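> The residues making up each chain are set out below.
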Amino acid sequence: MAMKPEEVLRVIAAARGSAIVVPTMTTAPAWRTIAPDDLSVTCVGFMGGASSMGLGLALARPDRRVVVLDGDGSLLMQLGSLATSAGAGARNFVHLLFKNGVYHTSGAQHIPGGLTVDFAMMARAAGYRVTCAIRDLDEFRGRFPELLKAEGPVFAELHTGLAEQTPMTARGGVPFHEQVETLRARLLRPRAAA
Amino acid sequence: MPESIPASLIIDTLKDTFREARAALAAEVAEPPQHAHLGWILSVPDTHQKTVLAALDKEEAIRVVTCATEDEATAVAAGLHMGGEPVVLMIQHAGLYASINTLRGVAMDGKVPMFYMIGLLSREKDRDPRESRHSMVRYCEPLLDTFGVPHARLEGPDDVHLIPEYYRLSRARRGPAAVLVGLETA
Chain B
0 MAMKPEEVLR VIAAARGSAI VVPTMTTAPA WRTIAPDDLS VTCVGFMGGA SSMGLGLALA
60 RPDRRVVVLD GDGSLLMQLG SLATSAGAGA RNFVHLLFKN GVYHTSGAQH IPGGLTVDFA
120 MMARAAGYRV TCAIRDLDEF RGRFPELLKA EGPVFAELHT GLAEQTPMTA RGGVPFHEQV
180 ETLRARLLRP RAAA
Chain Y
0 MPESIPASLI IDTLKDTFRE ARAALAAEVA EPPQHAHLGW ILSVPDTHQK TVLAALDKEE
60 AIRVVTCATE DEATAVAAGL HMGGEPVVLM IQHAGLYASI NTLRGVAMDG KVPMFYMIGL
120 LSREKDRDPR ESRHSMVRYC EPLLDTFGVP HARLEGPDDV HLIPEYYRLS RARRGPAAVL
180 VGLETA
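For the record, the sequence lines run as chains B and Y. FYI, the numbering for the first sequence is 0 to 193, going by numbering that gives the first Met the number 0. FYI, the numbering for the second sequence is 0 to 185, going by numbering that gives the first Met the number 0.
Take these hints with a grain of salt, some might be off.
[Unchecked claim] Cross-link-like lysine-lysine pairs, in silico, DSBU-like; alpha carbons within 35 Å at most:
no. : chain 1 : residue 1 : chain 2 : residue 2
1   : Y       : K110      : B       : K148
2   : Y       : K49       : Y       : K124
3   : B       : K148      : B       : K3
4   : Y       : K49       : Y       : K14
5   : Y       : K124      : Y       : K57
6   : Y       : K57       : B       : K148
The hints are simulated quantities; they were obtained by calculation from the structure and are not laboratory data. This one's a predicted model, so the numbers in the text were calculated from it and none came from an experiment.
Make a model of the complete structure from these sequences and hints.
Written as structure tokens, this is what we have:
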């Protein structure tokens with residue numbers, strides 16, 4: 000049975016430590032409830048950009064882990080980013096793909112290829128150092144800590160069902176530009192706040 | 000008439016621009032990043048800037064990430080910005096057209112400073128770009144105008160001061176700014 004996205008996110012929240020997290024699309028509403036902190040920045044409004052934004056953070060901050068919560072429809076929008084992320088070789092980059100086979104936010108239309116697309120194989124072929132597919136929550140709970148510590152780039156394809164909420168059913172949240180400023184301030188500590 | 004700009008002049012100007020950006024950040028924040036390099040170039044290879052990109056391969060002070068698309072380059076730049084790293088994007092006009100939604104979503108809505116060097120491939124020496132026979136040249140400045148992106152033409156060695164100026168402008172306005180590279184660099 001497919002994992003519930005919210006349960007996967009709770010495992011990530013419990014184990015992430017000081018990792019920066021970049022959710023997108025259907026992981027975004029649940030993540031802001033489960034982990035309402037200032038070490039996350041959501042990719043909204045430029046679908047497919049989560050892994051690239053996470054890559055930039057990982058390159059800028061090699062002292063921290065960066066965990067991207069990507070979607071299968073999103074990744075297909077910028078599939079070349081697999082090669083870019085792998086080529087950049089960020090060892091602190093952890094790319095988690097929530098695979099549900101549909102564009103949930105826009106009405107659950109099937110993605111091209113549906114559930115048959117093997118993203119873990121694509122990531123391996125692109126050059127990710129560690130790749131795997133996980134179908135079971137207990138397995139994910141057991142493996143996530145090691146994936147978080149592994150020398151990256153790391154890619155895990157997570158077989159999940161549909162989230163309870165999408166950005167269309169749970170609107171709101173902190174505007175993107177405020178998230179950008181908040182995370183930047185958290186990482187750099189402006190002198191006035193230091 | 001546009002003139003070619005030596006790659007070495009552009010690279011020296013980029014280094015100065017990055018040094019200035021790091022000094023400004025150090026004055027602003029308590030924990031500026033400490034790296035051996037000065038800054039980052041995010042590139043989707045551009046014919047007009049190929050001699051610069053070739054010379055950057057030998058530069059240790061500037062790190063280069065080649066991206067598969069300009070969408071990726073723009074999003075990577077946002078991440079680097081949040082981490083305090085100075086970034087310049089080197090792309091081509093066709094890539095600007097391809098990635099305009101990401102420019103809007105990241106640099107404009109996200110208020111992320113984003114400085115682009117955009118090659119005007121096929122720009123004719125004897126003709127204003129807005130009157131080019133080639134649509135990819137002709138529409139570049141009007142597209143930037145439509146999105147309210149300030150821009151200037153880099154038409155010769157005397158214009159390299161526009162690089163730090165428009166880089167600073169992108170920081171000051173917390174959004175995109177661009178210089179358009181008129182001819183192939185030398």
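> Starting from the hint list further up, note which numbers the structure goes against and sort them upward.
Structure breaks no hint.
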